[in-house]
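K.L.:
Residue numbers (full-length UniProt numbering), protein chains in the order written: chain A, 1 to 598; chain B, 1 to 250.
In short, the hints are calculated from the structure, not lab data.
Keep in mind that a hint or two might mislead.
[Claimed, not checked] What follows is a list of derived Cβ distance ranges for each label pair:
1) A/332 x B/25: 34 to 40 Å
2) B/13 x A/116: 30 to 36 Å
3) B/171 x A/137: 47 to 53 Å
[Claimed, not checked] To be clear about the criterion: a stretch of chain B counts as covered by chain A if any three or more of its residues have a C-beta under 8 Å from a C-beta of chain A, and this derived list gives those stretches:
4) 14 to 25
5) 86 to 98
6) 107 to 118
7) 128 to 142
[To be verified] Derived pair list, reagent style DMTMM-like, types lysine to aspartate or glutamate, alpha-carbon separation capped at 20 Å:
8) B/199 x B/182
9) A/203 x B/195
10) B/168 x B/117
11) A/343 x B/117
12) A/343 x A/439
13) A/343 x B/30
14) B/3 x B/30
15) A/343 x B/95
16) B/168 x B/195
17) B/17 x A/597
Each residue gets a CB set at the ideal place from its N, CA and C atoms; glycine is no exception.
What follows is the residue order along each chain.
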Amino acid sequence: MARAAAQGFSWRQFKVMLRVVIKGEQHLDSTGMGIGGNESAEKRKGLWGKLGSGARKVAMGFLFLIVAALFFMMGYMLGEMGTTPYLAFSLCVVCLVGLTVLTGLYQAVNILYFVRDLSYYLTLPLSATTIMWAKLVHFLGMSLLGDLIILPVGLGCLLANGAAPGAWVAMVLAFALCAVAVNLALVIFCVPIMRFSRLAHDKDLFSRVFGGLVIVLALAVGVGSQFAFRGDGLVSLASGSGELLSGGVPAVVVGVLCPPSLLARPVIEGDALGALAGLVGMLASVAVYAAILSAIARRWYFEGVQALQGAGGKRGRRVEGTELAQATRTRGALAANLSRDWKMMVRVPVFFNQFVLSSLLMPLYFIAIFAVSGFVGVSQASDAGLDPTMILEMARSLTGLFTFDSPALVWCAVGVLVFGLFLSFSAYSFTMGVSRDGEDFFFMRGLPMNWGAYLISKFVSPFLLSTAPMLVVIVVALVVLGVPAASGAYLVAIYLGATASLGLLSLGLGAFFPRLTWDNEAQLVKGGGATLMVFAGLLVGAVAMALPALALLGCSLWNVLEAPVALGLALAIFVVECVALTWWVLGPCARHLSRLER
Amino acid sequence: MIKIDHVSKSYDGGATKAVRDLSLEIKSGEIFGLLGPNGAGKSTLLNMLAGVLAPSSGTIELDGINVVADPLAAKRNLCYVSDSPDHLLRLKGHEFLRFIADVYEVPDAVRGPRIAELAHEYGMEGELDNQIQSYSHGMRQKMMIMGALLPDPAIWILDEPMTGLDPKASWLLKQSMRRHADAGKTVLFSTHVLDVAEKVVDRVGVIAHGELLFVGTVDEMREHFRMGGSLEEMFLELTSDESPLAEEAE
Numbered sequence: 001m002a003r004a005a006a007q008g009f010s011w012r013q014f015k016v017m018l019r020v021v022i023k024g025e026q027h028l029d030s031t032g033m034g035i036g037g038n039e040s041a042e043k044r045k046g047l048w049g050k051l052g053s054g055a056r057k058v059a060m061g062f063l064f065l066i067v068a069a070l071f072f073m074m075g076y077m078l079g080e081m082g083t084t085p086y087l088a089f090s091l092c093v094v095c096l097v098g099l100t101v102l103t104g105l106y107q108a109v110n111i112l113y114f115v116r117d118l119s120y121y122l123t124l125p126l127s128a129t130t131i132m133w134a135k136l137v138h139f140l141g142m143s144l145l146g147d148l149i150i151l152p153v154g155l156g157c158l159l160a161n162g163a164a165p166g167a168w169v170a171m172v173l174a175f176a177l178c179a180v181a182v183n184l185a186l187v188i189f190c191v192p193i194m195r196f197s198r199l200a201h202d203k204d205l206f207s208r209v210f211g212g213l214v215i216v217l218a219l220a221v222g223v224g225s226q227f228a229f230r231g232d233g234l235v236s237l238a239s240g241s242g243e244l245l246s247g248g249v250p251a252v253v254v255g256v257l258c259p260p261s262l263l264a265r266p267v268i269e270g271d272a273l274g275a276l277a278g279l280v281g282m283l284a285s286v287a288v289y290a291a292i293l294s295a296i297a298r299r300w301y302f303e304g305v306q307a308l309q310g311a312g313g314k315r316g317r318r319v320e321g322t323e324l325a326q327a328t329r330t331r332g333a334l335a336a337n338l339s340r341d342w343k344m345m346v347r348v349p350v351f352f353n354q355f356v357l358s359s360l361l362m363p364l365y366f367i368a369i370f371a372v373s374g375f376v377g378v379s380q381a382s383d384a385g386l387d388p389t390m391i392l393e394m395a396r397s398l399t400g401l402f403t404f405d406s407p408a409l410v411w412c413a414v415g416v417l418v419f420g421l422f423l424s425f426s427a428y429s430f431t432m433g434v435s436r437d438g439e440d441f442f443f444m445r446g447l448p449m450n451w452g453a454y455l456i457s458k459f460v461s462p463f464l465l466s467t468a469p470m471l472v473v474i475v476v477a478l479v480v481l482g483v484p485a486a487s488g489a490y491l492v493a494i495y496l497g498a499t500a501s502l503g504l505l506s507l508g509l510g511a512f513f514p515r516l517t518w519d520n521e522a523q524l525v526k527g528g529g530a531t532l533m534v535f536a537g538l539l540v541g542a543v544a545m546a547l548p549a550l551a552l553l554g555c556s557l558w559n560v561l562e563a564p565v566a567l568g569l570a571l572a573i574f575v576v577e578c579v580a581l582t583w584w585v586l587g588p589c590a591r592h593l594s595r596l597e598r
Numbered sequence: 001m002i003k004i005d006h007v008s009k010s011y012d013g014g015a016t017k018a019v020r021d022l023s024l025e026i027k028s029g030e031i032f033g034l035l036g037p038n039g040a041g042k043s044t045l046l047n048m049l050a051g052v053l054a055p056s057s058g059t060i061e062l063d064g065i066n067v068v069a070d071p072l073a074a075k076r077n078l079c080y081v082s083d084s085p086d087h088l089l090r091l092k093g094h095e096f097l098r099f100i101a102d103v104y105e106v107p108d109a110v111r112g113p114r115i116a117e118l119a120h121e122y123g124m125e126g127e128l129d130n131q132i133q134s135y136s137h138g139m140r141q142k143m144m145i146m147g148a149l150l151p152d153p154a155i156w157i158l159d160e161p162m163t164g165l166d167p168k169a170s171w172l173l174k175q176s177m178r179r180h181a182d183a184g185k186t187v188l189f190s191t192h193v194l195d196v197a198e199k200v201v202d203r204v205g206v207i208a209h210g211e212l213l214f215v216g217t218v219d220e221m222r223e224h225f226r227m228g229g230s231l232e233e234m235f236l237e238l239t240s241d242e243s244p245l246a247e248e249a250e
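Extracted from the complex, chain A is given alone in its bound form (with noise of 0.2 Å):
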């Protein structure tokens, strides 16, 4: 009775929440959601910590009105080829509610349920639908200001087609409403899931499940924008998504997920009052759901809760006697260092999803592209009256041509560098190693650590899982290609020197500026500052390759200098940069590291 009586929502109480929430709670596994993404970790004190702060949000609002932009030019161009306001925002919805489904579920439950001080809030006379709500509002907040990205396609229509402002309006509340709409809908799914399914209850297995389907459908979605982007590709996905939202079964389901989308025709394309009264709809069933969503939190919220306090914990066996001896047996530093850093990496969900499961789909990225790319030359080809084997054969008659004195091979180097420089987004894998360690490296900085050990054991594993894949792509195209085996074998060594002094230099970057005084893993590697991290990847990639390019594109753009020496000069200062490098990291990197205090 008494908690029955708990579950009635309070005003005075929501607002002391709210703040509490705002202010930063310990998540166990975050989504790093807002601008900051990581806010809630120790800040660095002084100027350069107020410095770094300043700078990374200025970074990240630039980096939104980059991208803003380019949506809203994409929705410009729509409306110049003829698109209506009303299909770019239904494309904008149809994007929203994809989105929202790839993503929302986990970082709704992250923001739920996954919050270390909950088990705190079970103590206290709180209503669950109190608590929700807070956290909800917070969640709301932060999703909509992601959310936001998407509608300058629909605004850049608008301008196109010389709306008046009262359509600008119109279409902005609409969408507010379609995201908040989404999300709700999304949390009224996931409740019942987080109090009865048992995959939930493990967090580590559940963000293992859900991480590495967001990865999975964003890489598929990558694979299938090749399709969607060739020829008129925008306009159709545009038309496609108005017919989404025009009837049918994908309209129910369209509906159900976003009702207010349901709506948009007469406030996108009606007159004033037909805009208003499909405003007050979409408001109406907005507050529908979140009726619904009350009740069904003020059922299933703390049940959910209390589900998963304790659970997950998974039990070993009995280990002992010569099994145990075998299972602690002598490793040297190196290989010490090695096992810990790769068990660390493979068992935390988040570190998995983001550092392994990733480098090892990005060959799979990449063939799929080919494979795409290969299967649509090869159809304009049978349609043009060509035999595929012919083209094969066209193409490793001019592979033959790769020679050490022929300016082709130089170009064909200057393309793997161009590789190499795409590849260095995935360069903060390389960044984040010591920092992955969070507080425990500073329970390593008591042992009588080999620094150097430590550090090559952060470069090994993720070149190995970042390099050896794409090594294994590019062997086969090369063979395929019919590439003769001394210019694959040359190509190949500037791959691995592109891809060593990239990684070297980001490590040691990494090591002398770590994030160690994170709360929980997602922060690392998500929101504001991990994406940030990311496009820093192709500054560092610059960097290392800036020589080597020079060298050979004093060939190839330039010609000043002879091809057989472009290509050893660029090879020679690879080669250079690596053993520079490597000292950098095993000299100063690692004192450094030594010496480290919190």
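Use these hints to put chain B onto chain A, whose structure you have.
P.N.:
Same frame as chain A, but now just chain B:
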């Protein structure tokens, strides 16, 4: 032997002084208890001894090895249990112990029997194949202590080692500390539990406001204050804001 010579530690460019000009010598064969209220500077001092923090000034020598000049050699000669047992939580118990043994280069012939012995003593035999994150606070503390005792170096530095231990594990640790000191080695530990200090230590040091207020045996402490009371009463007297020693420290 631990020799601390005029050691200070400050943060924020000298604005916060955690340890002030502290000098202390702890002899081999001695168990030394460091007492002090929260925020007194105990953990900072122990972190400096363990090489996790560098002193702002002064020198620290462990068996004649300067901790700052040769940290690796100094660390091989000591084991350190910090005030939090939440480390390397994703490793299983035996993986953690293997990692520690590898770092300290404990030979196979020693580590196997020692791990089995420690696991048996601390009642952790059935838990070694579980990840440390699944352990209770007390079990994590036991694992940290097992990791510290596994290489059996000459100097033990333990920060609040009894916290969370069950009575048997606490008794075992005290026995181990006694045996270690009786073998001519050094034990330095901090504690809030004054009864523990009273029963285990050979000498005690009281630290407050970053300064060492008293060093001596418990009997000398009693004599010093001529109270004849419990250690708890003396401790409260020493570390209170009204204490003349504390005022000197200010």
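K.L.:
Against the 20 Å threshold, does the CA-CA distance of residue 343 of chain A and residue 30 of chain B hold or violate the hint?
P.N.:
Roughly 39 Å separates the two Cα atoms, so the pair is violated.
K.L.:
Sort out whether residue 182 of chain B lies within 20 Å of residue 199 of chain B, counting only the CA atoms.
P.N.:
holds (15 Å)
K.L.:
Please work out if residue 168 of chain B and residue 195 of chain B have their alpha carbons no farther apart than 20 Å.
P.N.:
Distance of about 16 Å is within 20 Å: holds.
K.L.:
For the hint 30 to 36 Å, verify it against the beta carbon of residue 13 of chain B and that of residue 116 of chain A.
P.N.:
holds (33 Å)
K.L.:
Mind checking, does the stretch 14 to 25 of chain B have 3 or more residues with a CB under 8 Å from chain A?
P.N.:
violated (count 0)
K.L.:
Between the stretch 86 to 98 of chain B and chain A, see if three or more residues pass the 8 Å beta-carbon test, and mark the coverage as holds or violated.
P.N.:
Coverage by chain A holds here, the residue count being 10 at a Cβ distance below 8 Å.
K.L.:
Hint check: residue 17 of chain B vs residue 597 of chain A, CA-CA at most 20 Å. Holds or violated?
P.N.:
holds (16 Å)
K.L.:
Could you check the hint for me, namely that residue 332 of chain A and residue 25 of chain B are 34 to 40 Å apart, CB to CB?
P.N.:
holds (37 Å)
K.L.:
Holds or violated: are the alpha carbons of residue 203 of chain A and residue 195 of chain B at most 20 Å from each other?
P.N.:
With a Cα-Cα distance of about 41 Å, the restraint between residue 203 of chain A and residue 195 of chain B is violated, given a limit of 20 Å.
K.L.:
Can the restraint linking residue 168 of chain B and residue 117 of chain B be considered satisfied, given a maximum Cα separation of 20 Å?
P.N.:
holds (15 Å)
K.L.:
Verify the proposed pairing of residue 343 of chain A with residue 95 of chain B, using a straight-line Cα cut of 20 Å.
P.N.:
This hinted pair holds, its Cα atoms lying about 10 Å apart.
K.L.:
Between residue 343 of chain A and residue 439 of chain A, is the straight-line Cα distance small enough, at 20 Å or below?
P.N.:
Distance ~16 Å between residue 343 of chain A and residue 439 of chain A Cα, so the pair holds.
Hint compliance for this structure: hints 4, 9, 11, 13 are broken, all remaining hints hold.
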